[in-house]
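Peer 1: Below are the chains, spelled out letter by letter.
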Amino acid sequence: MKLFGRKKKQVCVVGLDGVPYTLLQAMMETGVMPRTREIVSRGVLRSMTVTLPEISSVSWSTFMTGKNPGEHGIFGFTDLKKGTYDLRFPTFRDLRTETIWDLVGRSGGRSVVVNQPSTYPAREIPGVLISGFVSVDIDKSVQPKKHLAMLARHGYRVDVDTDKCRNNPTLLFSQLASLLEARLRVVNELWSGESWTFMEVVVTGTDRLHHFAWDAYEDSSHPHHADFLDYYAKVDAFIGQLYDKFAREDSPENFFLLSDHGFCRTKKEFYVNTVLEQHGYLKLDPASSGTGASPAPSPSLANIMADSKAFALDPARIYIHRRDRYPRGSVDEKDVARLKREIAEAFESAADANGEKIVRRVFDAADVYSGPHALEGPDLLLIPYNGYDMKGKLGAPSAVGDRRLQGMHTWDNAFFFSMRKDLVDPQKDIEIVEVPWIILRSVDVGP
Amino acid sequence: MKGFTLWFTGLPCSGKSTLARRVEEILLERGMNVEVLDGDEVREHLSKGLGYSKEDRDTNIRRIGYVAKLLSRNGVVAVGAAISPYRAIRDEVRGWHDRFVEVYVKAPVDVLTERDVKGMYKKALAGQIKHFTGVDDPYEPPENPEVVVETDKESVTESVNKIIHTLEIMNYIPGSGTTSDYSAEEEEEIKARLKDLGYI
Numbered sequence: 152m153k154l155f156g157r158k159k160k161q162v163c164v165v166g167l168d169g170v171p172y173t174l175l176q177a178m179m180e181t182g183v184m185p186r187t188r189e190i191v192s193r194g195v196l197r198s199m200t201v202t203l204p205e206i207s208s209v210s211w212s213t214f215m216t217g218k219n220p221g222e223h224g225i226f227g228f229t230d231l232k233k234g235t236y237d238l239r240f241p242t243f244r245d246l247r248t249e250t251i252w253d254l255v256g257r258s259g260g261r262s263v264v265v266n267q268p269s270t271y272p273a274r275e276i277p278g279v280l281i282s283g284f285v286s287v288d289i290d291k292s293v294q295p296k297k298h299l300a301m302l303a304r305h306g307y308r309v310d311v312d313t314d315k316c317r318n319n320p321t322l323l324f325s326q327l328a329s330l331l332e333a334r335l336r337v338v339n340e341l342w343s344g345e346s347w348t349f350m351e352v353v354v355t356g357t358d359r360l361h362h363f364a365w366d367a368y369e370d371s372s373h374p375h376h377a378d379f380l381d382y383y384a385k386v387d388a389f390i391g392q393l394y395d396k397f398a399r400e401d402s403p404e405n406f407f408l409l410s411d412h413g414f415c416r417t418k419k420e421f422y423v424n425t426v427l428e429q430h431g432y433l434k435l436d437p438a439s440s441g442t443g444a445s446p447a448p449s450p451s452l453a454n455i456m457a458d459s460k461a462f463a464l465d466p467a468r469i470y471i472h473r474r475d476r477y478p479r480g481s482v483d484e485k486d487v488a489r490l491k492r493e494i495a496e497a498f499e500s501a502a503d504a505n506g507e508k509i510v511r512r513v514f515d516a517a518d519v520y521s522g523p524h525a526l527e528g529p530d531l532l533l534i535p536y537n538g539y540d541m542k543g544k545l546g547a548p549s550a551v552g553d554r555r556l557q558g559m560h561t562w563d564n565a566f567f568f569s570m571r572k573d574l575v576d577p578q579k580d581i582e583i584v585e586v587p588w589i590i591l592r593s594v595d596v597g598p
Numbered sequence: 147m148k149g150f151t152l153w154f155t156g157l158p159c160s161g162k163s164t165l166a167r168r169v170e171e172i173l174l175e176r177g178m179n180v181e182v183l184d185g186d187e188v189r190e191h192l193s194k195g196l197g198y199s200k201e202d203r204d205t206n207i208r209r210i211g212y213v214a215k216l217l218s219r220n221g222v223v224a225v226g227a228a229i230s231p232y233r234a235i236r237d238e239v240r241g242w243h244d245r246f247v248e249v250y251v252k253a254p255v256d257v258l259t260e261r262d263v264k265g266m267y268k269k270a271l272a273g274q275i276k277h278f279t280g281v282d283d284p285y286e287p288p289e290n291p292e293v294v295v296e297t298d299k300e301s302v303t304e305s306v307n308k309i310i311h312t313l314e315i316m317n318y319i320p321g322s323g324t325t326s327d328y329s330a331e332e333e334e335e336i337k338a339r340l341k342d343l344g345y346i
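Top line first, the protein sequences correspond to chains A and B. Letter 285 of the first sequence, counting from 1, is numbered 436 in my numbering, and no numbers are missing. Letter 75 of the second sequence, counting from 1, is numbered 221 in my numbering, and no numbers are missing.
Bear in mind the hints are in silico, worked out from the structure with no lab data behind them. Any given hint could be a false lead.
[To be verified] Where chain B lies over chain A, by a calculated footprint (3+ residues, C-beta under 8 Å): (1) 246–256; (2) 552–561.
[What the hints assert, rightly or not] The calculated lysine-lysine pairs, modelled on DSSO-like cross-linking and capped at a C-alpha distance of 27 Å, are: (3) B:200 with B:299; (4) A:418 with B:341; (5) A:232 with B:194; (6) A:544 with A:418; (7) B:269 with A:291; (8) A:159 with A:572; (9) B:337 with A:544; (10) A:232 with B:299; (11) A:160 with A:572; (12) A:296 with B:308; (13) B:341 with A:291; (14) B:299 with B:194; (15) A:291 with B:264; (16) B:269 with B:308; (17) A:233 with B:299; (18) A:418 with B:337; (19) B:299 with A:297; (20) A:434 with A:485; (21) A:232 with B:308; (22) A:419 with A:508; (23) B:299 with A:296; (24) A:315 with A:544; (25) B:341 with A:419; (26) B:268 with B:194; (27) B:268 with B:148; (28) A:434 with B:341; (29) B:308 with A:233; (30) A:485 with A:508; (31) A:419 with A:315; (32) A:418 with A:315; (33) B:337 with A:434.
On a predicted model such as this, the values are computed, not experimentally measured, just so you know. In this text, a Cβ means the ideal position worked out from N, Cα and C, and glycines have one as well.
This is chain B alone, in the form it adopts within the complex:
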């Protein structure tokens, strides 16, 4: 299979990294080469020293996008997981790619404030962190993402399935054919009903 870039964008704590890692597991199982470029990790290495001004944020995204382009054109699935708050820069990165799939990880700020797994929203709301996306920095949602997942309404599995299904439909990844969507009990029920109707 050819490579492509799967780009997760969304507010802090919306679930980008969690989804990226789950998708990574599935793609690895299906024999793809995958590399996750996680925003938090990238800032420790590739973008060390950059801050959170718009200019620095744009530079960070361009760096992730550039590496993703190099990886994807060499047959790797490059998974970007970064807030990437500005639409123009995301679209610029998209323009560098032949095969680019944008996943909008959507969740309302009030839910995320409550979720606040890293305690960041609390600090931002208290004024202890400046330029925090969703609090005192803007987030521009994608206008035409390939996938929208709503992590306040869906389970992680449902969101992951939605992403995987889209990638299958686009023929970017091979179909599963190896697993079952049903539990063992559900399979027994299905067998019984198919037998009742003479289908097996």
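So here's chain A without its partners, still in its complex pose:
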């Protein structure tokens, strides 16, 4: 594309939701992803850590803003409505900072963004935005809306039927394949039909595959092992086709790949609120637990008692029950630091029945969040040793329970690939918050 006789720089970004660095390497080395191997050989592939908690809504919000949660304001898939104990589900409207696509727009460029998680409901950006997970209404997932008809024509869907696919591998693999094909058709049409500087598409099928069928990856005798590898071969072809198209543009070196968190096999679930209850930090009103013939209602934070000192939201965000922040809060500011230390120690010593340690690290939020919204987030964040999937579930009878899903997220072992070797510091570990700025530098866009 030429602008006033000069080459206009473009950038292409492919996101692979939940793909670990080590898995990508293994897929390339074993020949499952030959195109990706060839592409990666021309640039720099690095392991990457993500912002906390290590979930897509937070990681992708960090990617799309280049800011930490204390600045962009997204701390999880759930939050509490201010001044209450009622859950709410933050949306794209809760994002407090500009996106990288706004920055591209301000410099005169346009973006085409397909299946970006945490952008629902879609709002206007300079270009085209098709929201990803958690999108519940396709009509609210597209801007400009004129593209709705095109999506329908291509049979585009945002996600697999998670409820049906969870325990039905055949349906899962079938839907994963058809989604990927439709996604590519849509990207192809927007690629040629739109004027753009920044092209981004996120593959989220990888994350679904890992949650529901991770065992099929690790166990080569698993009946769906070949299906697992076959899906990665399809993803490889997807990446290859996009790169082949991009190679025909004027700046093919501006090609990037990234994931938003790592993944590993789940061994057990670990219930953070149960541990808080066991140590006396969390107390739920027993009158709400049901009696006699009345079935017990689901435990809820609405039943938190005034002498509770802390509670957790998924996956492992611990909030001090501050007097000035919660209706029944009882902790004064002067006691917060001591409580955080005590709670951190309680979790650091948590172990499974076989003595295996569960909590790999306890983060003080003050050390990981900065910015005007940092105080809206949790006070402590936990990350587990691989295999212990942390949950904020209330009412679990013991701290450790059986897994419901096969795979879980990890904070590290995500990946970033830049074909531009000059943009990546070889001496420094990569964190996801840096990635958008690296990518924007390739098209001379700054903050």
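Add chain B to chain A, keeping to what the hints say.
Peer 2: Relative to the frame of chain A, chain B by itself:
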């Protein structure tokens, strides 16, 4: 929070007053002090006696702008909602402010003629009203407004959300954190999907 001026400009019947009132409601809910300076109302009081010549229009806008400046520097969100057809005078008013957000309420004249909630376009087109902006008086759209809302393509809610979102991004107003963007049915669907993936 500090005050600021939120200035709605656009053709007659484009939706300025409607949007201004809806935004006012939201800002009041969030604990801001808000005052709406509606063009129609101002002409009944502050600018009584002024006509629709360019000179009188400029005087009217300067008066609204001056009051908005006084309010906003005292911690109030001053919401101006007036056609304010001339770019130079809007920019002059902007220059008096430290914190000024211009909202261009955009809609094509043919749509507005059809909408014509006050019957004014009909009269102007019939020659019964002179100096009617968009018919026989010019309207100069803003070149760099902070927000553009297109009321022929967006619902009132969508336009309001766009304005509120911009004000949040600029850190001129506190975030909501109190409400949900989802209906009760949508929340149930989201819960189910988050559960399917082990996220809650």
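Peer 1: All the hints need checking, so say for each whether the structure fits it.
Peer 2: Here's how the hints hold up against the structure:
Counting residues of the region 246–256 of chain A whose beta-carbon sits less than 8 Å from any beta-carbon of chain B gives 3, enough to reach three: the coverage restraint holds. Residues of the region 552–561 of chain A lying with their CB closer than 8 Å to a CB of chain B number 3, which satisfies the three-residue condition for coverage. The straight-line distance between the Cα atoms of residue 200 of chain B and residue 299 of chain B is roughly 30 Å, outside the 27 Å bound, and the hint therefore fails. At most 27 Å may separate the alpha-carbon atoms for a hinted pair to count; residue 418 of chain A and residue 341 of chain B meet this at roughly 18 Å.
Between residue 232 of chain A and residue 194 of chain B the CA atoms are separated by roughly 46 Å; this puts the pair beyond 27 Å, and the hint is violated. About 17 Å separates the Cα atoms of residue 544 of chain A and residue 418 of chain A, which keeps this hinted pair within 27 Å; it holds. A threshold of 27 Å between alpha carbons decides the hint, and for residue 269 of chain B with residue 291 of chain A the separation of about 39 Å lies outside it, so the pair is violated. Our distance criterion of 27 Å between C-alpha atoms is met by residue 159 of chain A and residue 572 of chain A, whose separation comes to about 20 Å.
Taking the CA atoms of residue 337 of chain B and residue 544 of chain A, the gap is near 13 Å; set against the 27 Å cutoff, the hint holds. This hinted pair does not check out: residue 232 of chain A and residue 299 of chain B have alpha carbons roughly 31 Å apart, beyond 27 Å. Restraint check: the Cα-Cα separation between residue 160 of chain A and residue 572 of chain A comes to about 17 Å, which is no more than 27 Å; the hinted pair holds. Distance restraint check for residue 296 of chain A and residue 308 of chain B: the Cα-Cα separation of roughly 15 Å lies within the 27 Å cut-off, and the hinted pair is therefore satisfied.
Under the criterion of a C-alpha separation no larger than 27 Å, the hint pairing residue 341 of chain B with residue 291 of chain A is consistent with the structure, at around 22 Å. This hinted pair does not check out: residue 299 of chain B and residue 194 of chain B have alpha carbons roughly 35 Å apart, beyond 27 Å. For the hint pairing residue 291 of chain A with residue 264 of chain B, the CA-to-CA distance comes to about 32 Å; that exceeds 27 Å, so the pair is violated. A distance of roughly 33 Å separates the Cα atoms of residue 269 of chain B and residue 308 of chain B; the hinted pair therefore is violated under the 27 Å criterion.
For the hint linking residue 233 of chain A to residue 299 of chain B, the alpha-carbon distance of about 33 Å lies beyond 27 Å, and the restraint is violated. For the hint pairing residue 418 of chain A with residue 337 of chain B, the CA-to-CA distance comes to about 24 Å; that is within 27 Å, so the pair holds. Between the alpha carbons of residue 299 of chain B and residue 297 of chain A the distance comes to roughly 11 Å, so the proposed pair stays at or under 27 Å and holds. Proximity of residue 434 of chain A to residue 485 of chain A is assessed by CA-CA distance (about 21 Å); at most 27 Å being required, the pair is judged to hold.
Of the supplied pair hints, the one linking residue 232 of chain A and residue 308 of chain B holds, its CA atoms being roughly 21 Å apart against a limit of 27 Å. With a C-alpha separation of about 12 Å, the suggested pair residue 419 of chain A and residue 508 of chain A falls inside the 27 Å cut-off, and the hint holds. A hinted pair counts as satisfied when its Cα atoms are at most 27 Å apart, and residue 299 of chain B with residue 296 of chain A qualifies at roughly 10 Å. Restraint check for residue 315 of chain A and residue 544 of chain A: the C-alpha separation of about 23 Å stays at or below 27 Å, so the hint holds.
A hinted pair counts as satisfied when its Cα atoms are at most 27 Å apart, and residue 341 of chain B with residue 419 of chain A qualifies at roughly 16 Å. The hinted pair formed by residue 268 of chain B and residue 194 of chain B meets the criterion: a straight-line CA distance of about 25 Å does not exceed 27 Å. Between residue 268 of chain B and residue 148 of chain B the CA atoms are separated by roughly 42 Å; this puts the pair beyond 27 Å, and the hint is violated. For the hint linking residue 434 of chain A to residue 341 of chain B, the alpha-carbon distance of about 24 Å falls within 27 Å, and the restraint holds.
A distance of roughly 22 Å separates the Cα atoms of residue 308 of chain B and residue 233 of chain A; the hinted pair therefore holds under the 27 Å criterion. This hinted pair does not check out: residue 485 of chain A and residue 508 of chain A have alpha carbons roughly 31 Å apart, beyond 27 Å. For the suggested pair residue 419 of chain A and residue 315 of chain A, the alpha carbons sit about 23 Å apart, so the restraint of at most 27 Å is met. For the hint linking residue 418 of chain A to residue 315 of chain A, the alpha-carbon distance of about 23 Å falls within 27 Å, and the restraint holds.
About 24 Å separates the Cα atoms of residue 337 of chain B and residue 434 of chain A, which keeps this hinted pair within 27 Å; it holds.
Going down the numbered hints, you'll see the structure goes against 3, 5, 7, 10, 14, 15, 16, 17, 27, 30, while the others check out.
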